[in-house]
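Colleague: Chain by chain, the residues:
2 protein chains.
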Amino acid sequence: MLNSPPALENLVQELSKLPSIGRKTARRLAFHLLSGDREKMESLADALTQAKDKIVHCSRCYGFSESEICQICENPRRDEGILCVVERASDILPFENSGIHKGLYFVLGGVLSPLDGIKPESLHIPELIKRIEQENTRELILALGSSPEAESTALYIDRVLANSQVRRTRLARGIPVGSELEFIDDITMLRAFEERVKI
Amino acid sequence: MLNSPPALENLVQELSKLPSIGRKTARRLAFHLLSGDREKMESLADALTQAKDKIVHCSRCYGFSESEICQICENPRRDEGILCVVERASDILPFENSGIHKGLYFVLGGVLSPLDGIKPESLHIPELIKRIEQENTRELILALGSSPEAESTALYIDRVLANSQVRRTRLARGIPVGSELEFIDDITMLRAFEERVKI
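Same order as they appear, the protein sequences are chains A and B. Mapping the first sequence onto the numbering used here, position 47 (from 1) lands on 47, and the numbers just tick up by one. Mapping the second sequence onto the numbering used here, position 44 (from 1) lands on 44, and the numbers just tick up by one.
Repeated chains share a single entry, so a pair holds when one copy, or any two copies, can fit it.
Derived DMTMM-like pairs: lysine to aspartate or glutamate, alpha-carbon spacing no greater than 20 Å straight-line:
no. : residue 1 : residue 2
1   : K102      : E139
2   : K54       : E9
3   : K102      : D91
4   : K130      : D79
5   : K24       : E87
6   : K52       : E9
Just so you know, the hints here were simulated from the structure itself, not pulled from any lab data. In this text the structure is predicted, and so the values were computed from the model without any measurement.
Using the sequences and the hints given, assemble the complete structure.
Modeller: Here it is, written out as structure tokens:
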């Protein structure tokens with residue numbers, strides 16, 4: 001904008017780099033921040049710097065942590081025998097929120113995509129295989145989403161472990177609880193029908 | 001979230017204070033920032049601190065500025081005789097973007113709202129009246145929006161200046177350019193009809 005203070009334009013620029021924040025929203029956020037209590041801007045800036053400096057990847061599961069080993073991996077009450085493999089660190093959240101998984105996690109860091117040059121070594125797949133060989137893993141839950149890439153990644157890991165004793169499972173697919181049938185997409189309906197269970 | 005690093009939770013907390021950013025979006029933004037190039041977090045933190053420290057209110061028009069007097073007020077090519085009165089500093093933007101207004105601005109800082117205790121002295125109305133008395137203002141464009149409070153604020157300023165020579169105007173109301181008539185709300189249609197002009 002013509003005649004706008006450079007520090008304001010720079011803030012708008014930086015905010016608009018965030019996902020789903022366009023230039024107009026960024027401008028609205030900047031004006032909101034400048035019009036209110038300015039200390040809020042300081043707290044947000046501090047939170048960003050702190051998060052940047054403190055948060056590392058857990059060296060065991062590759063999730064986010066403030067220490068070498070994250071709180072989940074460190075917890076002696078979690079069942080080491082059940083390993084839930086997810087694509088991204090953020091995928092741990094829904095499991096922890098539901099409280100259903102008592103085992104540990106392993107973040108792959110993505111899914112296989114040969115066309116984009118993402119091979120097993122580009123992800124943490126070698127580390128996963130090594131960990132399973134060394135530890136007493138009884139069950140591997142491959143919780144990798146339903147894109148073709150995610151499905152072939154799960155298949156790849158399943159095949160590599162074909163001769164191992166580890167039980168490989170994946171999450172059930174079906175109708176989400178509370179959904180109206182008329183709003184279910186075709187693929188979900190297909191899967192829910194195929195994987196129907198006896199009452 | 002249980003077991004989530006405190007620095008991550010703090011960042012989510014700070015981001016969710018932004019308008020239209022809920023807790024889920026804040027978490028998505030935080031994960032995005034942590035997963036990508038960490039330098040981005042530093043630039044955003046810097047932009048926030050810089051904006052907080054550098055941006056002040058222009059002492060003449062109360063818009064945002066990095067100096068005592070903003071670039072618009074300082075520009076000798078702007079027509080000092082035409083003063084466009086707006087509610088918030090962000091309202092200057094659409095005028096500057098269109099490039100139609102060659103005069104100056106004056107930010108009221110809000111609109112009158114007796115029920116909320118917002119009286120003329122709570123806004124910059126006394127400064128506006130003083131400025132008009134002292135300067136050669138020919139026209140005052142009251143660009144204050146169409147809420148009942150905004151309309152009564154414009155009326156109030158108009159009455160205070162009843163005995164002055166300053167021409168008071170407001171923006172035309174009507175159908176936005178490019179709009180389909182069927183999507184126009186009732187009040188806009190009423191105004192557009194009332195203020196119809198001869199072709």
